[in-house]
Amino acid sequence: MGAPVLSRRARVAAGPGTRAHRRPSRRRRRDHLVGLLLVAPALVYFLVFLLYPALSALYYSFTDWNLRTDASWVGLANYADLLFDDVTYPHFWKSVRVTLQYTLLAVPLTLVTALAQALLLNTIRRGANLFRLLLFLPVVTAEAAVGAIWRWLYDPQYGLINALLGLAGIPGQNWLNTPELVIPALAFIAAWQCGISMIIYLAGLKGIPGAIREAAVIDGAGPWQRFWRVTFPMLRPTTFYLLVTGVIAALQVFGLVYVIFSGNGRSVTGGPEQSGLTYVLHLYLFAFRYDAMGAACAMSFILLVFIVIVTALQFRFVKQEAS
Amino acid sequence: MRKWPVYVALVLLAAVSVVPFLWMLATSVKHGPDIYTKVPSLLPLDRKTGAWSATLDNYRYVLDVGGLGRAFLNSVWVCAVLVPAKLLVDALAAYAFARIPFPGRDKLFVVMLSGMMVPAITLLVPRIHVTQALGMFDSGWGLIVPNIASVLDIFLLRQFFLSIPGELEEAALIDGAGRMQIFWRIVLPLSKPVLAVVTITSFLFHWNDLVWPLVVTNDPELYTLPLALQQLVASPDGGRAYYIMAGATLAVLPVIAVLLVFQRRILQGIAFTGLKG
Chain A
1 MGAPVLSRRA RVAAGPGTRA HRRPSRRRRR DHLVGLLLVA PALVYFLVFL LYPALSALYY
61 SFTDWNLRTD ASWVGLANYA DLLFDDVTYP HFWKSVRVTL QYTLLAVPLT LVTALAQALL
121 LNTIRRGANL FRLLLFLPVV TAEAAVGAIW RWLYDPQYGL INALLGLAGI PGQNWLNTPE
181 LVIPALAFIA AWQCGISMII YLAGLKGIPG AIREAAVIDG AGPWQRFWRV TFPMLRPTTF
241 YLLVTGVIAA LQVFGLVYVI FSGNGRSVTG GPEQSGLTYV LHLYLFAFRY DAMGAACAMS
301 FILLVFIVIV TALQFRFVKQ EAS
Chain B
1 MRKWPVYVAL VLLAAVSVVP FLWMLATSVK HGPDIYTKVP SLLPLDRKTG AWSATLDNYR
61 YVLDVGGLGR AFLNSVWVCA VLVPAKLLVD ALAAYAFARI PFPGRDKLFV VMLSGMMVPA
121 ITLLVPRIHV TQALGMFDSG WGLIVPNIAS VLDIFLLRQF FLSIPGELEE AALIDGAGRM
181 QIFWRIVLPL SKPVLAVVTI TSFLFHWNDL VWPLVVTNDP ELYTLPLALQ QLVASPDGGR
241 AYYIMAGATL AVLPVIAVLL VFQRRILQGI AFTGLKG
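One line per chain: the protein sequences are A and B, in this order.
Sequential numbering from 1 applies to the first sequence in the numbering used here.
Sequential numbering from 1 applies to the second sequence in the numbering used here.
Keep in mind that the hints were calculated from the coordinates and are not lab data.
In this text the structure is predicted, and so the values were computed from the model without any measurement.
A couple of the hints might just be wrong.
[As the list claims (entries may be wrong)] Straight-line Cα separation of at most 27 Å, DSS-like style, residue types lysine-lysine; simulated pairs:
| id | chain 1 | residue 1 | chain 2 | residue 2 |
| --- | --- | --- | --- | --- |
| 1 | B | Lys-192 | A | Lys-206 |
| 2 | A | Lys-206 | B | Lys-38 |
| 3 | A | Lys-206 | A | Lys-319 |
| 4 | B | Lys-38 | B | Lys-48 |
[Claimed, not checked] Over 10 Å on every C-beta distance to chain B, these chain A residues come out as not near it, computed from the model:
| id | residue |
| --- | --- |
| 5 | Arg-26 |
| 6 | His-32 |
| 7 | Leu-36 |
| 8 | Asn-129 |
| 9 | Pro-138 |
| 10 | Ile-199 |
| 11 | Val-230 |
| 12 | Arg-236 |
| 13 | Ser-262 |
| 14 | Ser-300 |
| 15 | Leu-313 |
[Stated by the list, open to error] To spell it out: a stretch of chain A is covered by chain B in this simulated footprint if at least three of its residues, at any positions, have a beta carbon under 8 Å from a beta carbon of chain B; those stretches are:
| id | stretch |
| --- | --- |
| 16 | 57-71 |
| 17 | 150-157 |
| 18 | 250-256 |
| 19 | 291-299 |
Heads up, the beta-carbon is just placed ideally off N, CA and C, and yes, glycines get one too.
Construct the entire structure; sequences and hints are all you get.
What follows is the structure, encoded as structure tokens:
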């Protein structure tokens, strides 16, 4: 991508005969001005809504603060209280467990579904576009609508899910009101929305040279062997990318859970027995319901550090696998 | 290899993905009592006689009493202002980063890119604080200004601008054209594919966004569609699925229309951008 620029620079640097060298310095000064002017709005946005918030979040995480009063410095107290004081923050560790369970279930389920869909799509020609479109539909849907739709699908009495299970002779469940079933129910929704991963897997599959597949066929490898010995290893970079981004997203799941447990004060507790109280829902409640902005900032930095560690571990693991 | 098992599997998977929408649509046009049947129906049928019995009353109710009419217009308004304004801010910056030499340009770009690594949730609380300090909290501006640029979009646009042959612009420069003229007359017309991808993904993101409107508005007059839908779910009407599904349909239909029209661009774009604005 950078090639044209490099070659142009190379030409400019090539010597005194080029036009660029004779370009009057007035033009260069004007370029400086125009360049800065064009970048200015984005730069202001970056400073005001990205850099400053990031730095102030770190500062406020060491303070006792709500939006109406000045922040007072409390050092590491927020962090210590979150981690060790289960009177002030009785559900902090519960929210960590809920989020980890959700991540460990939702991410693999999403990737397996996406890969299966992509493999199937990759073997057909006729109708492939239509199927791809239909499978992609859940992704572009607003999480507010997704939450609303699935509350109704999971309805214990009149919901479609229980009706379908009934056809198979499986007794209906009260999905969103049974603590043990909340995480599986949420993970299923995540897999339902696996379209982006499916598209990226499909791009990865298209990138595998046909010659490799043909060679495997000639060597007498069956479809199963071809998948495990050729296709899956060739898709490793794609899987890794989806795994890392999927984990980062799953650790921050919020909007969907917020909608699912809206009403009857349930969003305040995150579902039955806090079984759907994800980390970011917990953070949101402390920031915007209990007015503990400083603690919420500390929570966001604990999450940031955790994400960095998990991502680094994943990179390391993959490196070892490769060597 | 036989193809029919593949098609059977795909039909099943496609059904899982589409049937919830069909059920949403069916529920939204049913008369209230008709949704409470032992065997759920994907068609709006009378629960006693089994005859066709569709209504638009649920839509009338949520648009008017439920406040979704106003919220729909708010969402249209926010997207109509925000998406083009954001595209302009991002494209101007991306063009300067790609083509106009100024001191410290590449360092500045790297610093801005590093901002992408900070999770959105970390920025949420202090962003509200900044929005409040600027006097934009709980106002239309608060829905727009804090989202007025996207580092990811600047990155994507810059990458595309870099791939346009520089000779075109150099020739124009020699003919005495200014940078802005080149940007409008040469660069933008050549960049339609990437402009389309950025516009569509940004529309999808802001049309669907729940979290920012949730934290930046208190006044129901300002609610966007996803937020108003969430509020409806949380209200006593939340148990009345025929209302909720009418609301969900209002949120989903425009997006499905955009997907149908721009499917090729969206699916191509997704392959390298993801969907987050």
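Comparing the hints with the structure gives:
1. At most 27 Å may separate the alpha-carbon atoms for a hinted pair to count; Lys-192/B and Lys-206/A meet this at roughly 25 Å.
2. A distance of roughly 46 Å separates the Cα atoms of Lys-206/A and Lys-38/B; the hinted pair therefore is violated under the 27 Å criterion.
3. Of the supplied pair hints, the one linking Lys-206/A and Lys-319/A holds, its CA atoms being roughly 25 Å apart against a limit of 27 Å.
4. Restraint check for Lys-38/B and Lys-48/B: the C-alpha separation of about 12 Å stays at or below 27 Å, so the hint holds.
5. With a least CB separation of 13 Å from chain B, Arg-26/A remains clear of the 10 Å interface cut-off, as annotated.
6. At the 10 Å boundary, the C-beta of His-32/A falls inside the reach of chain B, the nearest C-beta of that chain being 4 Å off.
7. For Leu-36/A, the requirement that its beta carbon stay farther than 10 Å from each beta carbon of chain B is not met, with the minimum near 6 Å.
8. For Asn-129/A, the shortest C-beta to C-beta distance to chain B comes to about 8 Å, within the 10 Å cut-off, and the non-interface label is violated.
9. With a closest Cβ-Cβ approach of about 6 Å to chain B, Pro-138/A is found to fall inside the 10 Å limit, against its non-interface label.
10. Here Ile-199/A does not stay apart from chain B, with its beta-carbon only about 5 Å from theirs, under the 10 Å limit.
11. Against the 10 Å criterion, Val-230/A stays outside the reach of chain B, whose nearest CB is about 16 Å from its own CB.
12. At roughly 18 Å, the least C-beta separation between Arg-236/A and chain B is larger than 10 Å, which holds for a residue marked as non-interface.
13. Listed as outside the interface, Ser-262/A is inconsistent with that label: its C-beta sits roughly 4 Å from the nearest C-beta of chain B, within the 10 Å cut-off.
14. The beta carbon of Ser-300/A sits about 4 Å from the closest Cβ of chain B, which is not more than 10 Å, so the claim that it is off the interface is violated.
15. With 10 Å as the threshold on Cβ separation, the claim that Leu-313/A sits away from chain B holds: the shortest Cβ distance comes to roughly 16 Å.
16. Taking a C-beta to C-beta cut-off of 8 Å, the stretch 57-71 of chain A contributes 3 residues in contact with chain B, enough for the three needed, and the coverage statement holds.
17. Coverage of the stretch 150-157 of chain A by chain B holds in this model, with 6 residues showing a Cβ closer than 8 Å to a Cβ of that chain against a need of three.
18. Using a Cβ-Cβ cut-off of 8 Å, 3 residues of the stretch 250-256 of chain A lie near chain B, which meets the minimum of three, so the contact claim holds.
19. By the rule of at least three residues with a Cβ nearer than 8 Å to a Cβ of chain B, the coverage given for the stretch 291-299 of chain A holds, with 3 such residues.
When each numbered hint is compared with the structure, violations occur for hints 2, 6, 7, 8, 9, 10, 13, 14.
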